[in-house]
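*Asks:* Chain B: place on chain A using the hints.
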Amino acid sequence: MHELSIAQSILEIVLREAEKQKPARVVAVGLKIGALSGIYADSLEFGFDAIKKGTPLEECRLEIEEVAIRGQCHQCGHVFDVRELLFACPLCASGSIELKHGQELDIAYIEVDD
Amino acid sequence: MSKTIELKKKVLSENDALAAELRATLGEKGIFSLNFVSSPGSGKTSLLERTLRELKDELNITLVAGDVQTENDANRLIAAGGEQVKPLVTGGSCHLDARMIHRLLPEINLDNTDLFIVENVGNLVCPSGYDLGEDMKVVLISVTEGDDKPLKYPSMFRRSSVMVINKIDMLELCDFSMERVRENALRINGDLKIFETSCRTGEGLEEWYAWLKEQVKQKKA
Chain A
51 MHELSIAQSI LEIVLREAEK QKPARVVAVG LKIGALSGIY ADSLEFGFDA IKKGTPLEEC
111 RLEIEEVAIR GQCHQCGHVF DVRELLFACP LCASGSIELK HGQELDIAYI EVDD
Chain B
3 MSKTIELKKK VLSENDALAA ELRATLGEKG IFSLNFVSSP GSGKTSLLER TLRELKDELN
63 ITLVAGDVQT ENDANRLIAA GGEQVKPLVT GGSCHLDARM IHRLLPEINL DNTDLFIVEN
123 VGNLVCPSGY DLGEDMKVVL ISVTEGDDKP LKYPSMFRRS SVMVINKIDM LELCDFSMER
183 VRENALRING DLKIFETSCR TGEGLEEWYA WLKEQVKQKK A
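Which chain is which? The protein sequence lines are A and B, in order.
Going by the working numbering, the first sequence opens with residue 51, and the numbers climb by one from there.
Going by the working numbering, the second sequence opens with residue 3, and the numbers climb by one from there.
Simulated from the structure, these hints should not be mistaken for lab results.
Since this is a predicted model, take the numbers as computed values, not measurements.
What follows is a list of derived Cβ distance ranges for each label pair:
hint, chain 1, residue 1, chain 2, residue 2, range
1, B, Ala26, A, Glu115, 30 to 40 angstroms
2, B, Glu85, A, Gln125, 41 to 51 angstroms
3, B, Ala19, A, Arg111, 21 to 31 angstroms
4, B, Lys31, A, Asp99, 40 to 50 angstroms
5, B, Lys215, A, Ser146, 23 to 33 angstroms
6, B, Glu174, A, Ile101, 48 to 58 angstroms
7, A, His128, B, Glu185, 14 to 24 angstroms
8, A, Lys72, B, Glu60, 58 to 68 angstroms
9, A, Asp99, B, Val70, 22 to 32 angstroms
10, A, Ser146, B, Glu85, 31 to 41 angstroms
11, B, Lys219, A, Lys72, 50 to 60 angstroms
C-beta atoms are modelled at their ideal positions from N, C-alpha and C, and glycine is treated no differently.
Extracted from the complex, chain A is given alone in its bound form (with noise of 0.2 angstroms):
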């Protein structure tokens, strides 16, 4: 349950980037968010629609993707997504493989309406 206070730095980052953008108002925020980041989509759009009321954001919405896991092998150097949590290669079955992606937290962008 920590999406509120995810949803607080978000709010932080582009209230900033909002006010360069200025007289632009900042309509979207586009999120990029892993599967193993830990986060939940629901919540944290609950949490930023509770928090960006009375700010300049107040009309913004997010819009999220989630991100797929997938891993390299350290053993091989296969790159894979990783299924139903199974975190080994599927090509010679070694289980230490380095993430790629899944653990997205990011702003990819902003959406600006003139």
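*Replies:* Positioned in the frame of chain A, the structure of chain B alone reads:
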């Protein structure tokens, strides 16, 4: 007219920057650092109490004891002989962040520290995304919990380097399979280093201490 502006900014970039600063500060001093995470009640404080008590003549350990409320854990750790124990009460927050640790730095004698340990708030979800500048996360699980915990909280087990299976003296009383928990944990993270301990009987603690001392030595080298 609307237009899209790329930002490509990490939501936790501020936390990550502070964590990087902490990591560099600890690294320069050759201090090995751990971030202890688990559900409430898995035995983080018990393991740290024994570790402090039994290693205090060999290692200078500085410990930050995070808790949502009360300084009970910090008091236990001080009673166990911890000479450099700092309570960190979050007042409701479900995780520690790098800023909280950063604020404590002026109170910490880094020149008299070989091992820096943060005991996080008992929670297997929220602390996972917050880098505290540690070298490794240690995740505890006890045999009174489900052996499927690694599958339920993959983010935390994935980001941890070490798993300690605690309370093994109670294994016979519980429907907990050592084989299954290992299988589940390694499915999520094949690189996990695993220890089995009992803080009541002391079983398995020698290996844990030996590993800790080795890590401290390597970090100093």
